[in-house]
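S.K.: So you can see what is in the structure, the chains are spelled out below.
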Amino acid sequence: MKMFDPHIHMTSRTTDDYQAMANAGVNAVIEPAFWMGQPRTNAGTYEDYFMSIVEWERFRAKQFGIHHFATIALNPKEANNLYLADDVIKMMPRFLVKESVVAVGEIGLDDQSDLEEKYFAIQCEMAKEYNLPILVHTPHRDKKQGTQRCLDIVKESKINPEMVLIDHNNEQTIKGVRDRGHWAGHSIYPFTKMDSERMCAIVKEFGSEKIIINSAADWGVSDPLMVPKTVKVMLNEGVSEGTVSEIVWDNPYNFFNQSGKLEKLLINDRPSINQSQLFEGNSVLRGQDPIIQE
Amino acid sequence: MQDLLNSYFLGTTQEKLQILNGLIQEKNIKFLFKIFSVSDTDEKKLILECLDQGDLNGEFKAIYLEAMRTNSSELFSFMAHTRQYPKSFFTEAEYNQMVLKALFVDISVQKIIGIKERKNTKLNTMINDYIEERELANRSLPIGVEEYNNLGD
Chain F
1 MKMFDPHIHM
11 TSRTTDDYQA
21 MANAGVNAVI
31 EPAFWMGQPR
41 TNAGTYEDYF
51 MSIVEWERFR
61 AKQFGIHHFA
71 TIALNPKEAN
81 NLYLADDVIK
91 MMPRFLVKES
101 VVAVGEIGLD
111 DQSDLEEKYF
121 AIQCEMAKEY
131 NLPILVHTPH
141 RDKKQGTQRC
151 LDIVKESKIN
161 PEMVLIDHNN
171 EQTIKGVRDR
181 GHWAGHSIYP
191 FTKMDSERMC
201 AIVKEFGSEK
211 IIINSAADWG
221 VSDPLMVPKT
231 VKVMLNEGVS
241 EGTVSEIVWD
251 NPYNFFNQSG
261 KLEKLLINDR
271 PSINQSQLFE
281 GNSVLRGQDP
291 IIQE
Chain C
1 MQDLLNSYFL
11 GTTQEKLQIL
21 NGLIQEKNIK
31 FLFKIFSVSD
41 TDEKKLILEC
51 LDQGDLNGEF
61 KAIYLEAMRT
71 NSSELFSFMA
81 HTRQYPKSFF
91 TEAEYNQMVL
101 KALFVDISVQ
111 KIIGIKERKN
121 TKLNTMINDY
131 IEERELANRS
141 LPIGVEEYNN
151 LGD
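Protein chains in written order, with our numbering: chain F, 1 to 294; chain C, 1 to 153.
Hint data in this document are derived by calculation from the structure and do not stem from the laboratory. Watch out, some of these pointers could steer you wrong.
What the hints assert, rightly or not - Computed spacing ranges between beta-carbons, pair by pair:
(1) Asp106(C) x Lys2(F): 36 to 42 Å
(2) Leu136(C) x Ser240(F): 34 to 40 Å
(3) Ser272(F) x Asn28(C): 53 to 59 Å
If you're wondering where the values come from, they're calculated on a predicted model, not measured in any experiment. Yeah, the Cβ is synthetic: ideal placement off N, Cα and C, and Gly gets one too.
Work the whole structure out from these sequences, hints included.
M.R.: Following this line, the structure appears as structure tokens:
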């Protein structure tokens, strides 16, 4: 079964992770722009970061036979930095039009401050202007109320509900998200957020329509194989192969293809690997024989 | 800008304190924010201490709020457990977020400065939602939840 991990921060991960994901059946990933663990000190670092996730990371993924796409945004945490936020917003348009950028995200709320709400709304407008869907981060603290506030801000923006993926759901939030007609993302973590068994129970209760799962793996304790591992749990628990496939391929594909940039022919098969290629003179290899596919 | 930053960071603690207090008097939030953003944990503590003592009207609150977004439990507990600033100047929503974050980073809630006075019904709801979320995930509750519940009304 081919799989899509539509939320993973590969810039934080190693080439071993790419190899393991490819071996486990992950054909495509989406890398949402997020924060780097410590606050950025100036907007210029955002420019380099955006460039790396639309260029270098895409190259790295392809070297292991994985399609890589990105979403671009000022993340909610750093929306609170009033000396940085406006400059990031100003640079975003030239990244939103790049061929591999398939949504505006992660936008949303973290501390649920006024500044977060302001820049969330601004970026909803940008998404409408550039005909892109939005990927919405819901807060980890005060999740229930914070998710509700996200839904309200999205509604106020008048963005088409179909163009909205609300992420990091759990049992407390999924009903409200579905009632608004949005897509519901679930980040499967080894210890926190949602685990594979709970996800399976959600699928049994709510079905597969507009349900998406991801690993949200980053620089913290996380697992880039949570999508394939959850597939295994769902199949073992009797969820049909068709339903599982819809969740881990068709749904993320259909949601992000609303950008008009995920052409089916492009990602139905893996990109062919040619590890002899260089990016700005850099190779992912360190002395190994390059794999070159026809 | 780089020259000013270098002269600050190359100075002695006494010289840094003079510069910091001068910036607070001048209300130069932008430059102090910049210094803060490129400081390490100990240097950040010095700035927060200065603000706690010198910013009598909470005009530099943006720096405290930025500091609260840290992933360092050392820096976070320094602010929550030893500084008066959050109790004095944080709004209810900002204070509540600090308490919730204390649970997330697993530090004591009862030691948060002002917790008894600033306990509120919204925070009670947030803590109850948090307990429900942890129970759904079959995860144990951090000690801070019990501490919070033992604070009384």
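S.K.: None of the hints should be skipped; say for each whether it holds.
M.R.: Outcome of the hint check:
{"no.": "1", "hint": "Asp106(C) x Lys2(F): 36 to 42 Å", "verdict": "holds (39 Å)"}
{"no.": "2", "hint": "Leu136(C) x Ser240(F): 34 to 40 Å", "verdict": "violated (25 Å)"}
{"no.": "3", "hint": "Ser272(F) x Asn28(C): 53 to 59 Å", "verdict": "holds (56 Å)"}
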